[in-house]
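> Each chain, letter by letter, is given below.
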Amino acid sequence: MSKTMERDLHEPSAGIPRPSSQKEWRHPSDHWMRGFILDNRAALGTLAVFIVMMTVFLIANPTVFTTWYLYRSVLTTLPVALFVVVPLVFVVTCGEIDLSFPATMGFASWVFALVVQAGYDPFLGIAAALVTGMLLGFLVGSLVVYGGLSSLIATLGMNFLLRGLIQIINEGKSMALTSLSDSWAYTIFSSQLLGIPVQIFWAIGFVVLSAMLYNRHRFGAQVRVVGDNPDSAQQMGIDVKRVRVKVFVFVGIGAAIAGTFSVMINFTWWPTAGDGYLLPVLASVFVGGTPTWGGIGTVAGGAIGAVTVSFIQTGVVAAGLSGFYVQFFNGLIIILSLLGHKWNQARYR
Amino acid sequence: MAERLIELRDISKSYGQVYALGGVNLSVDRGEVVGLLGDNGAGKSTLIKILSGVVKPTSGEILVRGKPVTGWSAARSREAGIETVFQDRALAVQQTIVRNIFMGRELTGFMGFLRVNKEIEEASRLMREIGFTSKVFTPQSIVGQLSGGERQGVAIARAIYKQAELIVLDEPTTALSLTETAKVFHFVRQVRASGRSILFIGHNIHHVFDIADRFVVLDRGKVALTTDRSEVKSAEDLINFMEEVAHPGGLAGLHDAGDAEQRAR
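Listed in order, the protein sequences are those of chains A and B.
Just so you know, our numbering puts 299 at position 299 of the first sequence, and the rest follows in order with no gaps.
Just so you know, our numbering puts 211 at position 211 of the second sequence, and the rest follows in order with no gaps.
You can trust all of the hints, since none of them are fake.
Taking lysine to aspartate or glutamate and the DMTMM-like style, the derived pairs with C-alpha atoms no more than 20 Å apart in a straight line are:
| # | chain 1 | residue 1 | chain 2 | residue 2 |
| --- | --- | --- | --- | --- |
| 1 | B | Lys49 | B | Asp39 |
| 2 | B | Lys49 | A | Asp239 |
| 3 | B | Lys222 | B | Glu244 |
| 4 | B | Lys162 | B | Glu32 |
| 5 | B | Lys56 | B | Glu79 |
| 6 | B | Lys56 | A | Asp239 |
| 7 | B | Lys49 | A | Asp231 |
| 8 | A | Lys173 | A | Asp275 |
| 9 | B | Lys67 | B | Glu165 |
| 10 | B | Lys56 | A | Asp231 |
Keep in mind that the hints were calculated from the coordinates and are not lab data.
Using the sequences and the hints given, assemble the complete structure.
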C-alpha cells in the first residue's frame with residue numbers, strides 16, 4: 001500500500017474514528033500444542049475412539065490381541081480401503097458424494113487383470129487400470145457436474161451401470177492371475193517386508209501425500225472453499241465445476257489403485273471386486289470426522305476411521321463374541337463417533 | 001482528463017423474457033469514486049455481477065483501459081484489476097481468514113503447494129493496514145467466529161491485496177454499526193487518496209452522497225441520470241430526482257428541480 005494511505009491511517013481526519021491498528025495479533029491458543037489440538041480435533045477425536053475401542057478389545061481377549069497375526073491380516077486388507085477413503089474425504093468436503101467407487105474398483109482392476117492375463121507386464125496393467133480409473137472418474141464427475149445431477153443418485157446409478165456392464169460381459173466368471181506371484185510388481189506392491197505387508201507402506205505414503213494435498217496445496221484449498229461456499233468461490237474466479245470434476249477423477253484414481261491392490265493380494269479378479277467396500281468406506285469417512293455438509297474435513301481422521309472400521313469386524317470376533325455381533329458393534333461405533341464429533345466441532349454459518 | 005479505467009458500453013442482460021438491463025453505459029476513471037444508485041430491482045446488482053465477470057451480459061461491450069475485452073469472466077475481471085466486495089461478502093465462513101483473502105489466487109510455490117507462511121504474513125499485513133485487527137483473532141482464525149464488521153474487513157482486505165485499480169463496493173454499509181460504517185468510509189477515502197477508483201453501490205443516498213465524486217442513477221435497467229458531484233446541490237436533490245424517476249409526472253428532472261430551487265431562493 002502507498003505511503004499516502006499509511007499516513008492517512010495514523011492521522012485520520014476529523015470525525016472519523018481512529019482504527020485500532022496498533023494492537024498485536026495474538027491467537028487465543030498461543031501454545032503450539034493447544035493450537036495443534038484445536039486444528040486437528042476431529043482427527044484426534046477419532047484417534048481417541050480407536051484407542052478406547054482397542055483397549056476394550058485388549059481387555060476382553062489379551063491373548064488374541066497381542067498376537068501379530070491379527071494385525072497382519074488387518075494390515076493386508078486395510079490399504080485397499082485407505083486408497084478410496086482418502087479421496088472420498090475430498091469429495092465429501094467438496095459437498096458431493098461418490099457411491100460409484102466400488103464399480104470403478106471392479107472396472108479398473110478388470111482392465112488390470114485383462115492386461116496381465118494377456119501376458120503383459122503387471123506395471124503396464126497398473127498404468128492401464130489408472131487410466132481407466134481416471135476416465136471413469138471423469139465420466140462420473142462430468143455427469144454430475146455438467147449434467148447438473150444429484151451426486152448421490154447419479155453415482156449410485158453409475159455404480160449399478162458399471163457393475164452391470166462387468167457382469168454382462170464376464171457372465172460371472174472370475175480370472176485367476178497366478179503369473180502375478182513371481183512378477184516384480186508383486187514384490188514391490190504386495191509382498192512382505194519384515195513380516196509386515198508391504199502395501200500398508202504404500203497406503204501410508206498415499207495418505208500422507210493426500211493430507212498434504214488437502215491442507216497445503218491449491219487443490220485442497222479450492223476443494224474446501226468450493227464445498228464451503230460455491231457461489232463465493234465462483235465470484236472469486238475459481239472454476240467451481242472443474243474443481244468438482246477433479247475430485248471425482250481423484251476418487252477414480254484411488255479406486256483404480258485400490259482395485260489393483262485387492263487383485264494383487266488375492267491373485268484373482270472377481271466380477272464383484274470392490275462391492276464389499278461401499279459401506280465400510282463411507283462409514284470410515286464419517287467416523288473419521290469429516291462432516292456431511294462440506295467445506296471441512298480431515299484426511300488423517302478418515303485414515304484413522306478406516307483403521308477403526310477394519311478393526312471392528314476382526315475385533316468383535318476375536319474378542320470371543322459370535323459373528324452375529326459384528327453389525328451391531330459396527331453401528332454402535334458409527335453412532336458414538338458421530339455423537340462425539342457433533343459435540344467436538346461447531347458448524348459456522 | 002483522467003485515464004478511463006473501465007467502460008461498459010450498451011450492456012444488456014435479459015433473463016428469458018425479463019430485461020434486467022437494457023443498454024447501460026457506465027465508465028469509471030482513475031482516482032474517482034462513482035456512486036451507483038437505484039431502487040431495488042433497478043439492475044444495480046446485475047450490473048455489478050457483469051462488471052465482476054460473474055454474470056455474462058446478453059449484449060454489449062466491456063473496455064478495460066480503452067481496449068475491448070473478450071472472454072470476460074470472474075478470473076479475467078480480477079486480472080484486469082477489478083476487485084469486488086459483494087453484498088453478501090462472498091466469504092467461506094468455515095475457512096480461515098487467510099484462506100478467504102487468498103481465495104482464487106492462492107500463493108503457491110513448488111508444484112502448486114501453498115506458501116503458507118508467506119500467506120499468513122501478507123494477510124496480517126493487510127489486516128493491519130486497513131485497521132481490522134484485534135486481540136481475539138489472527139489470520140488463522142475461522143471467519144465464522146468473526147462479527148459482521150470484522151467479516152467486512154476480511155472482504156475488504158481481500159479486495160485491496162494486489163493493488164486493485166478499481167474496487168467495487170456493493171452495499172458495503174448494509175447491516176454495519178455506525179463505527180463500522182465510518183471505518184468503511186475511511187477506507188474509501190484512503191483508496192481515493194492513493195489514486196485508485198471505487199464504484200460504490202448503496203441504498204442509502206446520504207452515504208453515497210457524502211463519498212462519491214459522480215453519481216449514476218439506475219432505474220428499471222436504464223441509466224436515468226449521470227451527474228457530477230458539483231452539479232448536485234444536496235442529497236435531497238438526488239432523493240427528489242429518484243422519487244421523480246420512480247413516480248413520473250411531476251418535475252422534468254434533477255437539473256430543472258435544482259434550478260427551480262435556486263431561483264426560489
